[in-house]
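If you read the protein sequences in the order shown, they are chains A and B.
If you're matching positions, the first sequence starts at 81 in this note's numbering and goes up one per residue.
If you're matching positions, the second sequence starts at 141 in this note's numbering and goes up one per residue.
Since the hints were derived computationally from the structure, they do not count as laboratory data.
All values reported here derive from a predicted model rather than from experimental measurement.
Please note that the accuracy of each hint is not assured.
[To be verified] Facing chain B, a subset of chain A residues (Cβ under 7 Å, in silico):
| no. | residue |
| --- | --- |
| 1 | Met137 |
| 2 | Arg141 |
| 3 | Pro144 |
| 4 | Phe151 |
| 5 | Gly154 |
| 6 | Lys176 |
| 7 | Arg179 |
| 8 | Thr182 |
| 9 | Leu183 |
| 10 | Arg186 |
| 11 | Ala190 |
[Unchecked claim] Sample of chain A residues with no beta-carbon within 10 Å of chain B, all distances over it, derived:
| no. | residue |
| --- | --- |
| 12 | Asn110 |
| 13 | Leu119 |
| 14 | Gly121 |
| 15 | Ala123 |
| 16 | Ile125 |
| 17 | Pro128 |
| 18 | His169 |
| 19 | Thr188 |
| 20 | Ala205 |
Backbone N, C-alpha and C define an ideal beta-carbon position, used for all residues, glycine too.
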Amino acid sequence: MSTTTTHAPAGPAPAGGSAFEPVMIGFTCNWCSYRAADLAGTARIKYPPNVRLIRLMCSGRLDPAFVLKAFAEGADGVMVSGCWPGECHYIEQNIKALRRLTLLRRVTEAMGIEPARLQLLWASAAEGQRFANEVGRIVEEVRALGPLAWGRDGARSPGSVEAALALAATGSSDPPPVSPADIDQPAPALAEVTA
Amino acid sequence: MSDNGKPRFAMYWAASCGGCDIAVLNIHEKIAEVAAAFEIVFWPCVMDAKYADVEALPDGSIDLTLFSGSIRNDENLHLAKLLRRTSKILVAFGSCASEGCIPGLANLSPVNEMVATAFETQSTDNPGHVRPTPSWASPEGEIRIPTLAPVLRTLDQVVEVDYIMPGCPPESARIAEVVDLVIAVFAGRAELPPKGSVIGAGTSTVCDQCARQRDVKKIAAFTRIQATAHLDPAICLLEQGIPCSGPATRDGCGALCPAAGAPCIGCYGGSDGVMDQGARLLSAFSSVIDAREPGDIERILDGLPDPLGTFYRFGLARSILRASRPASAGNGHEPPVTARAPGPALAGSAGGTDR
Numbered sequence: 081m082s083t084t085t086t087h088a089p090a091g092p093a094p095a096g097g098s099a100f101e102p103v104m105i106g107f108t109c110n111w112c113s114y115r116a117a118d119l120a121g122t123a124r125i126k127y128p129p130n131v132r133l134i135r136l137m138c139s140g141r142l143d144p145a146f147v148l149k150a151f152a153e154g155a156d157g158v159m160v161s162g163c164w165p166g167e168c169h170y171i172e173q174n175i176k177a178l179r180r181l182t183l184l185r186r187v188t189e190a191m192g193i194e195p196a197r198l199q200l201l202w203a204s205a206a207e208g209q210r211f212a213n214e215v216g217r218i219v220e221e222v223r224a225l226g227p228l229a230w231g232r233d234g235a236r237s238p239g240s241v242e243a244a245l246a247l248a249a250t251g252s253s254d255p256p257p258v259s260p261a262d263i264d265q266p267a268p269a270l271a272e273v274t275a
Numbered sequence: 141m142s143d144n145g146k147p148r149f150a151m152y153w154a155a156s157c158g159g160c161d162i163a164v165l166n167i168h169e170k171i172a173e174v175a176a177a178f179e180i181v182f183w184p185c186v187m188d189a190k191y192a193d194v195e196a197l198p199d200g201s202i203d204l205t206l207f208s209g210s211i212r213n214d215e216n217l218h219l220a221k222l223l224r225r226t227s228k229i230l231v232a233f234g235s236c237a238s239e240g241c242i243p244g245l246a247n248l249s250p251v252n253e254m255v256a257t258a259f260e261t262q263s264t265d266n267p268g269h270v271r272p273t274p275s276w277a278s279p280e281g282e283i284r285i286p287t288l289a290p291v292l293r294t295l296d297q298v299v300e301v302d303y304i305m306p307g308c309p310p311e312s313a314r315i316a317e318v319v320d321l322v323i324a325v326f327a328g329r330a331e332l333p334p335k336g337s338v339i340g341a342g343t344s345t346v347c348d349q350c351a352r353q354r355d356v357k358k359i360a361a362f363t364r365i366q367a368t369a370h371l372d373p374a375i376c377l378l379e380q381g382i383p384c385s386g387p388a389t390r391d392g393c394g395a396l397c398p399a400a401g402a403p404c405i406g407c408y409g410g411s412d413g414v415m416d417q418g419a420r421l422l423s424a425f426s427s428v429i430d431a432r433e434p435g436d437i438e439r440i441l442d443g444l445p446d447p448l449g450t451f452y453r454f455g456l457a458r459s460i461l462r463a464s465r466p467a468s469a470g471n472g473h474e475p476p477v478t479a480r481a482p483g484p485a486l487a488g489s490a491g492g493t494d495r
């Protein structure tokens, strides 16, 4: 339990009021990391409010689809936290979470999402300070990457077929700006796609 | 119905390889029943037809349309909308129409990169650097070709679809069953399944139909089947380290590939209740990796050289993260990485299992 004081506080927040505030989803396990967040709260430890926590019974409960959906719906980063290896309430399901996240990160990276946007964090129920420090570190890493901009219309989308073809003809790698009206068909809502 | 009382049938191929049409013809003598039971009004693979003839049809005048292929260009989109308007029952037929299939993998690249690959790579002899243009004034008149859409879409992402029939291609035995059902429905002897159903397939997984034995749930290494000298014909392929998509893939094929000694590649899409086939598959794979330390896990996973292509070979255009999304839109900063570059360890704060 030496980790509570060894981690430096998160890096300084960017100056100015208009700094980018990442929207993050954090999955915590019921037995360790959620209690660590609880402890950070009762101990009144300050840390960035960017992470919206969702409590699962175990990090091993995490379906990779949860993470994909968080990114698809606009999260700039996802944090998954669980008990330290060897301390899982369900023996070793956190190891399954580690394996899933390792593989999932290879896939999301291939889809174009920086690895630092998907992070795994171990924290015991006693590590409120560590939890706060690590959340601060992760938020700053995601802040440094900037917005994920995985909006459904796509900020850098070539948009219309004409624009796409003009791009194809020039071989340019710099797509022109696009307005949502250029999209020939509105993209279906996620619920329709996955229903 | 046509003048002779037969229901009207159409089949169309959009962005596809034509294998779905071949699979329909492959129902053997039953194709004669199709010809006898239906009036075939439009089927470019087997008979001459003009788009103008279909455009002239009144709304809902075709009773059954099997639409194979995905929506890659404006011609595909026009035909999708046209056949939706003119069809009573529109079936997304095959993997391309229902989930994007192999053509959907192009959604990982911007259109300009895709075209550059087709026209400028070393294997292409294109000294004049010719690129497709939407229209060209030839001496005989203006020639127009379809223009590529920025992203490939599945049929149900552009028009409403009544039924989905998965498979790459759908197995001919399943097609024959569906043909029998539809003939019975038009004869008043059967009822159609609820709208939106998956037809011609099961609700479980390929593993359920696979005869191979599964005992061990530990995988120490992944290998490509080409690199394997000997495979046990009776044991689960995944247990032998061959990436097999059976655990997350809908049944309906009868587990033909594993029975023949080849791994399932996932062409029937996700099984019932699966939101994202790739996510379910990677979850299944990582659950059985026999390693606890991050380094060991990474080493075993290095045996999967292309995890994205392995897990999303058929379903990328329908996946949660990549559904109808141009590649260039995915990330405001970096172009999509198609090959895995070495990144930082999974979690800076979880570098090992030691405290």
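Structure versus earlier hints, numbers of those that do not hold, lowest first: Violated hints: 1, 2, 5 and 19; rest satisfied.
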